[in-house]
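Top to bottom, those sequences are chains A and B.
The numbering used here puts the first sequence at residues 2 to 320.
The numbering used here puts the second sequence at residues 3 to 328.
Just so you know, not all the hints are guaranteed correct.
What the hints assert, rightly or not - Here are the simulated lysine to any residue pairs, SDA-like style, with alpha carbons at most 25 Å apart:
hint: 1; chain 1: A; residue 1: K34; chain 2: B; residue 2: Q309
hint: 2; chain 1: B; residue 1: K268; chain 2: A; residue 2: E313
hint: 3; chain 1: A; residue 1: K284; chain 2: A; residue 2: Q305
hint: 4; chain 1: A; residue 1: K185; chain 2: B; residue 2: Q49
hint: 5; chain 1: A; residue 1: K95; chain 2: B; residue 2: K268
hint: 6; chain 1: A; residue 1: K95; chain 2: B; residue 2: D299
hint: 7; chain 1: A; residue 1: K185; chain 2: B; residue 2: F40
hint: 8; chain 1: A; residue 1: K185; chain 2: B; residue 2: R35
hint: 9; chain 1: A; residue 1: K34; chain 2: B; residue 2: F305
hint: 10; chain 1: A; residue 1: K95; chain 2: B; residue 2: W310
Claimed, not checked - To list a few chain A residues with every Cβ distance to chain B over 12 Å, as calculated:
hint: 11; residue: I10
hint: 12; residue: T24
hint: 13; residue: Q27
hint: 14; residue: P36
hint: 15; residue: L111
hint: 16; residue: G126
hint: 17; residue: S162
hint: 18; residue: D191
hint: 19; residue: V251
hint: 20; residue: D260
hint: 21; residue: Q290
hint: 22; residue: R294
hint: 23; residue: E310
The set of hints was computed from the structure by calculation and includes no laboratory data.
Keep in mind it's a predicted model, so treat the numbers as computed, not measured.
Cβ coordinates follow ideal geometry from the N, Cα and C atoms, glycine included.
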Amino acid sequence: MSVSNDQMIEMLRTMTRIRQFETRVQEFFAAGKIPGFVHLYIGEEAVATGACGTLGATDYITSTHRGHGHLIAKGGDLKLMMAEIFGRRTGYCKGKGGSMHIAAVELGILGANGIVGGGGPIANGAALAAKYRGTDQVVVCFFGDGASNQGTTQEALNLASAWKLPVVFVNENNGYGISCPTCKSMAVADIADRAAAYDIPGVVVDGNDVLAVYEAVAEAVKRARAGAGPSLIECKTYRWRGHFEGDACVYRDDQELADWVKKDPLQRFENKLLADGLLDAAKVESIRQEVARELDAAVAFAEQSPLPEAAEVLEDVYA
Amino acid sequence: MAKMTMVQALNLALRQRMEADDSVIVLGEDVGRDGGVFRVTDGLIDQFGENRSVDTPLAESAIVGMGIGMAVFGLRPVCEMQFSGFSYQAFHQIESHAARLRRRSRGRFTVPMVVRAPYGGGVRALEHHSESREAFYAHIPGLKMVIPSGPRNARALLVSAIEDPDPVIFFEPKAVYRAFREEVPEAEERLPLSRSQLVREGRHVTLVAYGAMVRPTLEAADQLQAHSGIEAEVIDLLTISPIDDELFTASVKKTGHAVVVHEAPKSFGPGAEIIARMMEKSFYYLEAPIIRVTGYDTMFPLFAREQWYLPNARRIARAVQETLKH
Chain A
2 MSVSNDQMIE MLRTMTRIRQ FETRVQEFFA AGKIPGFVHL YIGEEAVATG ACGTLGATDY
62 ITSTHRGHGH LIAKGGDLKL MMAEIFGRRT GYCKGKGGSM HIAAVELGIL GANGIVGGGG
122 PIANGAALAA KYRGTDQVVV CFFGDGASNQ GTTQEALNLA SAWKLPVVFV NENNGYGISC
182 PTCKSMAVAD IADRAAAYDI PGVVVDGNDV LAVYEAVAEA VKRARAGAGP SLIECKTYRW
242 RGHFEGDACV YRDDQELADW VKKDPLQRFE NKLLADGLLD AAKVESIRQE VARELDAAVA
302 FAEQSPLPEA AEVLEDVYA
Chain B
3 MAKMTMVQAL NLALRQRMEA DDSVIVLGED VGRDGGVFRV TDGLIDQFGE NRSVDTPLAE
63 SAIVGMGIGM AVFGLRPVCE MQFSGFSYQA FHQIESHAAR LRRRSRGRFT VPMVVRAPYG
123 GGVRALEHHS ESREAFYAHI PGLKMVIPSG PRNARALLVS AIEDPDPVIF FEPKAVYRAF
183 REEVPEAEER LPLSRSQLVR EGRHVTLVAY GAMVRPTLEA ADQLQAHSGI EAEVIDLLTI
243 SPIDDELFTA SVKKTGHAVV VHEAPKSFGP GAEIIARMME KSFYYLEAPI IRVTGYDTMF
303 PLFAREQWYL PNARRIARAV QETLKH
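Turn these sequences into a full structure, and let the hints guide you.
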């Protein structure tokens, strides 16, 4: 799969947007402006960016509790996302979904999901609908290493395979289900090995290499669009922050984190584009500045937006 | 006696039961090395090892299903659901198997298992992370559904739950987890399951609450006394199911008025059962319609409207005044 120079620069911009978005959320959480739970995607930007980079506007994704990156990569508006996370009525879900349940149906984003393993069956349903209607839409189902041990995920993989549904299961293996390392929660070294049980392709990629993710997912998307059924792509990556903001991370050591920070997917891609001469340091800096301004506007929009009225809590329960 | 938070008191209950009985095993997501996301199982892995404080894969159905098998074959598992909203993934195991095995086997199999789960508002999250769906479990014959309201009764009820021969769903009000401390004696205490408690005497109105709602209910009772001279009797249910209806129906016979408080949605909630019992057993003593002060029939909202959603002392006091107009 060839990726054009423009596409690569767009990917860098997307990764930069995710990184800066999450860094702002981290700061606002620390300042007490965003209460509750937020699960940050810092360190995993290459997965969402590479995977969503293969999709068209009408394709679907299902996301997870760690979903901000997926939404941004699928074209989510930073203003509406930030407003949602701030719980404002101008957000994607009128401030009723918050960080864990943002959805943007018009963008094919079927929702972040507070339930681990919640996305698989829904992805299958969307894929079945596409198949039934005879469109060539494809669904990318993001799920983590923790979710791969939920029955719902395995049920979804089986069904998608049996019915040759156009789903690409993109596993983000960041090494931990909260505190539980994958070596304790599963006997297989690679989650992709489980694809064999369903007779579908199972591919392991470096989840910190955006182009490797793109290539593997693009191949799987092509296969799904052609009616050949699902694939399982495992992206090995690492979350830099705790499971949630405020997590003391007693379960992992600082050296492990430091080693992964050295493999920063954003820095790595920047370095590659610089080395390949696709852009220069000034252009990288201008992307950063443009994204920072975009985020300033998103934060201002969120902060100036009203909270939902109390009575709105009772709305949208039924048609 | 040491002053403890509910988290510490629950930890004490687990620790002492595990010391006394090596068939007691704690299992769940992050209960071992991490000590639980709310720290209820903190330190258990250091004292008892990873075979008795077991980090499981993220799979609620597998956790509870395994707990059933362990319980049937001689162990006393204490399963943790990280949030009660995650327990729906395990609902099938709880409903179809845990609750039914005793009857299905004519008493030969028993399931002495506890499923602990933090429930309710208080962490400023939404939906699964804050809701109160105790009615799901209270509705199932064969299960006991227990909800403590403070550190001391939490410890005593958890000890009883672990020793109980039947499956107990044990919801812990996370709004109370660290909200206040109480004296908790070192020696093990037990409270009977299926008994409610009178926590405040009064003669004008009966207030029934449980879990995190006991505190605002007592607060309302104090305000009513101070401002209006209304003496409210407050009953803490402690066990939702099987329900103890003796205390509150006797109280209603005395007061003639009642208000029931829970943070779960109103319709088909525990309040409906409580009021039905009042109607069945104390109808002729009632002087006014019974009022429910509850959460609303919607999903638990995001932080901005959490306090609006949750019953508070003001809403409870207003309901009392309304019922006393009759």
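Right, here's what the structure says about each hint:
With a C-alpha separation of about 17 Å, the suggested pairing of K34 (chain A) with Q309 (chain B) holds against the 25 Å cut-off. Among the hinted pairs, K268 (chain B) with E313 (chain A) is consistent with the structure: their alpha-carbon atoms are about 17 Å apart, no more than 25 Å. For a cut-off of 25 Å, the pair hint linking K284 (chain A) to Q305 (chain A) is broken: about 31 Å separates their Cα positions. Proximity of K185 (chain A) to Q49 (chain B) is assessed by CA-CA distance (about 20 Å); at most 25 Å being required, the pair is judged to hold.
For the suggested pair K95 (chain A) and K268 (chain B), the alpha carbons sit about 24 Å apart, so the restraint of at most 25 Å is met. The hinted pair formed by K95 (chain A) and D299 (chain B) meets the criterion: a straight-line CA distance of about 18 Å does not exceed 25 Å. A C-alpha spacing of about 21 Å is found between K185 (chain A) and F40 (chain B), which places the hinted pair at or below 25 Å, so the restraint holds. For the hint pairing K185 (chain A) with R35 (chain B), the CA-to-CA distance comes to about 12 Å; that is within 25 Å, so the pair holds.
At most 25 Å may separate the alpha-carbon atoms for a hinted pair to count; K34 (chain A) and F305 (chain B) meet this at roughly 11 Å. Taking the CA atoms of K95 (chain A) and W310 (chain B), the gap is about 17 Å. The hint holds against a cut of 25 Å. Every CB of chain B is more than 12 Å from the CB of I10 (chain A) (nearest about 36 Å), matching its label as outside the interface. Against chain B, the non-interface label of T24 (chain A) holds: every CB pair exceeds 12 Å, the least being about 21 Å.
Its beta-carbon lying about 17 Å from the closest one in chain B, Q27 (chain A) satisfies the requirement of being farther than 12 Å from that chain. Interface exclusion of P36 (chain A) from chain B breaks down, the closest Cβ pair being 4 Å apart, not more than 12 Å. Distance check on L111 (chain A): its Cβ is at least 16 Å (rounded) from any Cβ of chain B, clearing the 12 Å threshold; non-interface status holds. The claim that G126 (chain A) lies off the interface holds: its Cβ sits roughly 18 Å from the closest Cβ of chain B, which is beyond the 12 Å cut-off.
Every C-beta of chain B lies more than 12 Å from that of S162 (chain A), the closest at about 20 Å, which supports listing it as non-interface. Distance check on D191 (chain A): its Cβ is at least 16 Å (rounded) from any Cβ of chain B, clearing the 12 Å threshold; non-interface status holds. At roughly 6 Å, the least C-beta separation between V251 (chain A) and chain B is not larger than 12 Å, which violates its mark as non-interface. With a least CB separation of 20 Å from chain B, D260 (chain A) remains clear of the 12 Å interface cut-off, as annotated.
With a cut of 12 Å on Cβ distances, Q290 (chain A) stays outside the contact zone with chain B, its closest approach being about 32 Å. At roughly 27 Å from the closest C-beta of chain B, the C-beta of R294 (chain A) stays outside 12 Å, upholding its exclusion from the interface. For E310 (chain A), the shortest C-beta to C-beta distance to chain B comes to about 8 Å, within the 12 Å cut-off, and the non-interface label is violated.
Of the numbered hints given earlier, the model fails hints 3, 14, 19, 23; all others are met.
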